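Letter by letter, the chains look like this.
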Amino acid sequence: MDVIFDTYGLFKRFKQPKGNISDVRKAGFSGALLDFRNACPPGIFKHMTRSRNDAKAEGEVFLPDEPERIGETVKPFLDACNSNGIQVKGAMAPVIPLDRSNPLMNDYQRVLSASSVRCAMESGCKWCIVPPLFVGIPLEKEKDVNIEFYRSFIPILKEYSEKHPDKEFKILLQNQCRDHSGHLVRGILSDADEAVEWLNELNEDSRNIIGRDAFGFCLNIGHVNICGQDLDEITPVLGDYIETVVLTDNDGNEDCEMLPFSCASRGIGGDLANADTDWRSVIRGLRKIKYDGPVIFSMSDTLAAFPVFIWPQLIAFAKTVSDFFVWQLTMEQTISKYSHVVLFGAGNMCRNYMMDYGEKYHPLFTCDNNSNRWGEEFCGLEIKSPESLKDLPEDTGIFICNEYYTEIRSQLESMGIKSKIEYYSDRYPNTEARTRLKGLWKNA
Amino acid sequence: MLEIGVQTHNIVKDENPEEGFKMMKAAGFDCADFSLNMYLKNTDLYQDRLNGFFDQSIDELKEFFKPHVEAAEKCGIRIHQMHMPYPNWIPTAKDSVNEYLIHEMAPKSIQLSEFLGCKYIVVHGLKVKDYYGTEEAEWEATENFLHTILPMAKDMGKVTCIENIYTSTGGHIKEGPCCNARKAAERIDRINEQYGCEVLGFCLDTGHANIAGIDLERFMTILGKRIKVLHIHDNDGERDLHQMPFTFTKTRENKPSTDWDGFLRALKKSGFDGVLNFETAPVLTSFPEELRPEALHMIAAIGRYFSNRLDEM
Chain A
1 MDVIFDTYGL FKRFKQPKGN ISDVRKAGFS GALLDFRNAC PPGIFKHMTR SRNDAKAEGE
61 VFLPDEPERI GETVKPFLDA CNSNGIQVKG AMAPVIPLDR SNPLMNDYQR VLSASSVRCA
121 MESGCKWCIV PPLFVGIPLE KEKDVNIEFY RSFIPILKEY SEKHPDKEFK ILLQNQCRDH
181 SGHLVRGILS DADEAVEWLN ELNEDSRNII GRDAFGFCLN IGHVNICGQD LDEITPVLGD
241 YIETVVLTDN DGNEDCEMLP FSCASRGIGG DLANADTDWR SVIRGLRKIK YDGPVIFSMS
301 DTLAAFPVFI WPQLIAFAKT VSDFFVWQLT MEQTISKYSH VVLFGAGNMC RNYMMDYGEK
361 YHPLFTCDNN SNRWGEEFCG LEIKSPESLK DLPEDTGIFI CNEYYTEIRS QLESMGIKSK
421 IEYYSDRYPN TEARTRLKGL WKNA
Chain B
1001 MLEIGVQTHN IVKDENPEEG FKMMKAAGFD CADFSLNMYL KNTDLYQDRL NGFFDQSIDE
1061 LKEFFKPHVE AAEKCGIRIH QMHMPYPNWI PTAKDSVNEY LIHEMAPKSI QLSEFLGCKY
1121 IVVHGLKVKD YYGTEEAEWE ATENFLHTIL PMAKDMGKVT CIENIYTSTG GHIKEGPCCN
1181 ARKAAERIDR INEQYGCEVL GFCLDTGHAN IAGIDLERFM TILGKRIKVL HIHDNDGERD
1241 LHQMPFTFTK TRENKPSTDW DGFLRALKKS GFDGVLNFET APVLTSFPEE LRPEALHMIA
1301 AIGRYFSNRL DEM
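Sequence lines, in order, name chains A and B.
Note that the first sequence ends on residue 444 in the working numbering; no numbers are left out.
Note that the second sequence ends on residue 1313 in the working numbering; no numbers are left out.
Rather than coming from a laboratory, the hints here were simulated on the basis of the structure.
Wrong hints could be hidden among the right ones.
In the PhoX-like style, the derived pairs of lysine-lysine whose C-alpha atoms are separated by at most 20 angstroms in a straight line are [said to hold, decoys possible]:
#1 A:LYS141 <-> B:LYS1269
#2 A:LYS143 <-> B:LYS1269
#3 B:LYS1127 <-> B:LYS1041
#4 B:LYS1250 <-> A:LYS46
#5 A:LYS46 <-> B:LYS1269
#6 B:LYS1062 <-> B:LYS1013
#7 B:LYS1225 <-> B:LYS1269
#8 B:LYS1268 <-> A:LYS141
#9 B:LYS1025 <-> B:LYS1013
#10 B:LYS1041 <-> B:LYS1013
#11 A:LYS12 <-> A:LYS75
In this text, all values refer to a predicted model and were calculated from it rather than measured experimentally.
Next up, chain B with everything else stripped away, as it sits in the complex (with noise of 0.2 angstroms):
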């Protein structure tokens, strides 16, 4: 039975963590997604906002996360892991933004996440192929940066793991890093022979995937072990809508629009043997707030869906 997790936005709040971490355990979850994302938003970031969150010492950090650690440990909700803030370089924005995202933001999380006592950081990969024109130099750019916190995600025992994401071209979703499984799987494999250790890992996001058009069943047979974490989320195959699975359907038969079953028999296939975690956030604000408690349990019980078919594969 794998254990299922769901990303702390939305639920865990900073003037009350105990709360949230106690509804996630109430819905049923075994473990939490801690949002560090949402401490550096990525639409001030691309707005040249600097909030000053990441300006504090690592022990003001520290302390300033200290009653989250300690509501999670009394709520029995153990943190698996956590999202890095994103984006880490931002072509258009102003160098002192790009020192301080590679200088203060990551290195500082990489601390936090010793501190929250998760082995998983997951990191968005630099969109900047427009800028340097190939998705190679992108890549290359993205390695850089990787280079800059892998050695003490190593020292500390910790795996980075890059995720799908994506772009467009008017209202249109298309690719962007980490879409090519062939390229991601000889990426990670040979960082993690350079540093020796599995350093890199994937964190395969469905809903992402989704609306790149990825078939989620030959994608993630060609990752296999190296999906080490999971974004799972569903979308109209349109947005990026963060919505629980078997929401979205298409046609008047009603069958959910997304593979389920492909994601599952490619789970199954590659051996995972990880947390089956949510990122679905927006269903906490799109349900009433009477509704929300419940809204959790509908996907912890399709968690525990998923476990209980895997197991029954």
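Next comes chain A alone, as it looks inside the complex (with noise of 0.2 angstroms):
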């Protein structure tokens, strides 16, 4: 599983980003996102006099006024991630803010975009997520305005596919907020089965002319966080449009970007706070799909909020918090590669294991510790001492179901245990069968 590292917020106008982007690559990420709000973000949307007479101060490009130099401002991006040896794989058109209400934002987001996607070509990325048109445009006509607009990305992708007949480029579509007089709310794309609707007929369309689907989905998680939806109600209907998610956390009411698990709150009668995106849905919707496409992780506000000093530190924690969800969402992935399946631990965690994934990866057996235990079954597995382990069949993966999982990995690496070690975990279980609950109703 790619995870690419959202750049906004990283420069201003994509200056002076060779430091940065070595911090990138030093936290281990491997891919960066071409993000166009570097170089035109939201906010000149609102004061565009002024961000107008301070790039020309400053000597920048404008590009509301010359979106045809949009190639010129990412040269410097482009060159510092090639020099550090970071992949561009995607990028992100620019997004006019949602409180605009002036309709002639639509003419900036049409050219802006189209020359977004042209420059990305370009660029070497495979994708461009361009949201839709959205200012002043009644519920009614959302449909008809928006088919209109990606039926204009047909050219620039048809031109492209014959230039480049070995390579395919697609236009990623993103579910969005709608801003009502400061509320955020459900907006366009946000119902999964219209978004497949809409999917459905523009490929028609590029299967059509270009011969293939050129249409995607980029699922943005923050997105999904303030909508107040259940992300494993929408993976299954979109499916494998899925092209891209956006992984990113925020306090479900302010479109913020921030570092996943930092947005915490009480709810009633909480004593300490819990996580205001609810990850164990984000998990289970991605798992329900197998999902392994790419990640992007987007933070650009928490960036904000530090103080440069520590970005070196704050990047390289994303990537621990990368990882983490990588190991999260490919459990299943990482249990199938083994022909057999060991467990160590014989409590809760292999009982979740066993509820999970035991019907479908049987483990051969479990071990535990506790002497007293060995002979034992439990959850139709035979509880056998840690020396056991000494003689597995090839191929067979030991699985820690216990949360001392560095003590334990130490004590089977000090028994010359050649068996491949692997971490399992249940903080997020795909079911929480509780027996006693399927009872009255499944029995009635």
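Build the complex from these two chains, which are given one at a time in their own frames, with help from the hints.
Quick look at the structure:
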């Protein structure tokens, strides 16, 4: 699974990108997002005249007036990525702030999106996220206006396809919020069924003209959270249309891009805060469709809040967090790699493994350090001594089902265990079957 | 001109129901939403506390509510809808509590709706997704519950209405049962077909929609005519405050942060011909006692405004 670091907020107009990009590389990220918001931040659409004058005074390109110059603004960034060995796999077109009401903004978005797509193609990206037009468009016209807008990219895609028959480039639509006088609610494409309807229509056109599907979906977790939606209800509907996922956090009210797990608050009667994003639903939702595509790690507002001095450590920590997600999301893929599975631990985590994966990937046995339990049966598994791990069939994975991961790993390594040691986690179980609850209604 | 209504909670008191219904009428309301849920509170149920109210026989319950019915009639208030106590199934409760809710509270509530003379009974879906794992399994449990009351409701010519409700993660509210308009529409149609008549409808709760990030116009447009009753109230988009519409703003322009125009457009599009009913009991406690009748007048005035706007559309 590719984790792409969203570079929005690292630079102002893509200036001086070298130092920061090397922090991204040092942290272990191998990919970066060509985020055109760096060159054309949403804020400039709120204060056009002032932003235009500022750009002029600083000798900068003001992209809404000169979208054709987008290439020169991103060149230092692309050079820096290249010299740091960072791949630029995808792009994000500029966005208009949700509270704008002047329909002229749509004209800016049209030309800037087209320029961004061309620039992303030239930069070697495989896709570009293009948000829908929305300013001043009534509900009943949203679809017609936007289908026409997205269709306008087909000639660009065709031209690219003819020039590069071996390459595929996609335009990604994205779920949006809608701003109603400062309150964000579900916006265009937040309804997964509607999104699929649009994508089917657009891809039918693209198949007729360029012979392949050229439209996909970018699922923004932050927007899902603001819209109060359950991700595990959305992913099965969108399925293979999901080409990328924006992983980000917010408080459920403001469209901020924060480091995942950093937004928490106390619910009614809560002693300690809990995450404001339902990460269990996020993990479950992506696991449901066995998602293994790219994940964009967006944390521009966390970057903005932290002193630049400690950005290197912050970005390194972000990598640790992203690794956690990859571990959680690819749990089943990791288990399925092995011909045989053995568990270490005979408690709740073992029971939860059996509940989620026991049928499909049935372990040979489990083991435990407590000699009093050896020979017992637990969740249909025999509990054996850790010594039994010395004699395992080839291609067996040992999954530690106990939170003392590092201690148990050390124990096994010191015993000279040759089999591969993996960590299992039941923090976000796929199911929460409670036997008693299944009772009355299920048998009614 | 649509009729306007308000919930009885915080207005109609058992010791003198006439006083409350009189106040409703004086404020300008035509209808009442009978808050049966206040006789078996959710806060008690979550503590495994059953107050024994529904231990009474149906005749005893009718006797208890006789003064209410007479007072409403005397004051010219029509009881249009009723809220069944909720939750009607508690995952963490003793079996005896759940058995009581299903076999005592629910059927007696339906029988009382007949006695109160109201056609619509609002119920909450079961909040058990975290226990059953999927929304489909959660709905299956709700549907099993509905099938315990729908045959009786059908016989009595009642329409049970499922309501959009919410859950939370941390302090952040998110969608709960019946927040997917497409699924709700399909389920209502399927069950009505199964019963051969309109036995199930939808109760649109504007405040719950608002805190769950639902766009009222999109949501209501999908549900259309299936929306039979309303719980109109407002909030800050973050907490379930049940205040009167137009109370909250979030920007310096000070425009309402709830999309009341979208709400009215959707009502008009769907041809809604029911009651503009307000679920605003907390307004009655947030204003000083001396101002409560005026506060109620204000809510009624908003109802008239909505009704006029719909006529003009």
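LYS46 (chain A) and LYS1269 (chain B) were given as a pair; does the straight-line alpha-carbon distance stay at or below 20 angstroms?
Violated: LYS46 (chain A) and LYS1269 (chain B) sit about 34 angstroms apart, past 20 angstroms.
Straight-line alpha-carbon gap LYS143 (chain A) to LYS1269 (chain B), limit 20 angstroms
Since the Cα atoms of LYS143 (chain A) and LYS1269 (chain B) sit roughly 18 angstroms apart, the hinted pair holds (cutoff 20 angstroms).
Satisfaction of hint between LYS1013 (chain B) and LYS1062 (chain B), Cα-Cα up to 20 angstroms:
Judged against 20 angstroms, a Cα distance of about 16 angstroms means the pair holds.
Assess, step by step, whether the Cα of LYS141 (chain A) is no farther than 20 angstroms from the Cα of LYS1269 (chain B), and give holds or violated.
holds, 15 angstroms
Hey, LYS1225 (chain B) versus LYS1269 (chain B), does the alpha-carbon distance stay inside 20 angstroms?
holds, 9 angstroms
Need the status of pair LYS1041 (chain B), LYS1013 (chain B): alpha-carbon distance at most 20 angstroms?
holds, 16 angstroms
LYS12 (chain A) paired with LYS75 (chain A) [C-alpha distance capped at 20 angstroms]
holds, 14 angstroms
Tell me if the straight-line CA distance from LYS1127 (chain B) to LYS1041 (chain B) falls inside 20 angstroms.
At roughly 16 angstroms apart (the allowed maximum being 20 angstroms), LYS1041 (chain B) and LYS1127 (chain B) satisfy the hint.
Holds or violated: LYS1250 (chain B) to LYS46 (chain A), with C-alpha atoms at most 20 angstroms apart
holds, 18 angstroms
Check the hint pairing LYS1025 (chain B) with LYS1013 (chain B) against an upper bound of 20 angstroms on the C-alpha distance.
With Cα atoms ~15 angstroms apart, LYS1025 (chain B) and LYS1013 (chain B) stay inside 20 angstroms; holds.
Within 20 angstroms, alpha carbon to alpha carbon, are LYS1268 (chain B) and LYS141 (chain A)?
holds, 18 angstroms
Hint violations for this structure: number 5 only, all remaining hints satisfied.
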